[in-house]
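Peer 1: Let the hints inform the model, and build the full structure from the sequences given.
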Amino acid sequence: MRTLTFFNHAGGAAKTSLALNVGHALSRDGYRVLLVDLDPQANLSTWLGHSLVPDAQTAFDTAVNSEARLPAPQQVHGMHLIPSNLHLALSEGQMMAQEGSTLNLRYALDEVKSEYDVVLVDSPPSLGKLAVMAALAADQLIVPVPTRAKGLNGLPGVLAALNTYRRLRPDLRVGLFVPTLYDSRNSHDRDVLEALRAQLQPLAAPLSYRPATWNDSAGTGEPILVYSPSSPAAAEVKRLAQEIEQTAALTRGVTHG
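First residue of the sequence shown: 1, per the UniProt record's numbering; consecutive thereafter.
Treat the hints loosely; a few may be bogus.
Unchecked claim - Pair by pair, the computed Cβ-Cβ distance ranges are:
1) Arg239 with Ala56: 32 to 40 Å
2) Asp55 with Asn163: 31 to 39 Å
3) Gly93 with Ala56: 16 to 24 Å
If you are wondering where the hints come from, they were derived from the structure by calculation, not from laboratory data.
Glycine included, every Cβ here is placed at the ideal spot set by N, Cα and C.
Peer 2: Put into structure tokens, the structure is as follows:
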């Protein structure tokens, strides 16, 4: 089992949409996939129709109790999901009082490693305890970077956070940087993409800015490959899933029903 955390402390980088849709693409390709929503905004959970769930169905107990196992996951679109809710934000205060709590998710995932091939964690857009726990649970970080000045300017903070996390997990690294929201017609976007290519390795092919397709698929509660399987957005999701499959060296187990 490999655990990959979609990480960027800035909002609007496309962490949630990538975690969900890459997970779905990998599931369709025969991987046993667990999605873990650690963002109290619960956008991933809402997209998949699991908003307003009880605290016991979220990772709340896992975050605040080193002895807690993961809750029973929900099944959706061939994947398993541990959803989130707004109350998950309250775990941050309790985690601060417990030394080592940011490793709780990693230990809990060890208990289910025979059940999944890949775990994809959607981290919150912050540098709080939940984001640290999400990062420390990972074998690799997948870092979406918008091809905007905001994305480029935020990179030093992302890399500084990674260096801090390595004090506890020296083996932690970025498996893939993913340029997002790319508009090839925009000279600024092209310039930012070239700057990312000069600074970052490994760098995925860019994901195009296609707001209608992404927003509409979220509105229907469906992954891109269900909502619009023949669209350019779907083709880009498949390509990114293949890139992640290769960079993370994923292997398949026995597919669950």
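Peer 1: Between Asp55 and Asn163, does the C-beta distance stay in 31 to 39 Å?
Peer 2: holds, 33 Å
Peer 1: Evaluate the given range 16 to 24 Å for the C-beta pair formed by Gly93 and Ala56.
Peer 2: holds, 19 Å
Peer 1: With respect to the beta-carbon atoms only, verify the hint that Arg239 and Ala56 lie 32 to 40 Å apart.
Peer 2: Taking Cβ atoms as reference, Arg239 and Ala56 lie about 38 Å apart, which means the hint holds.
Of the numbered hints stated above, none is contradicted by the structure.
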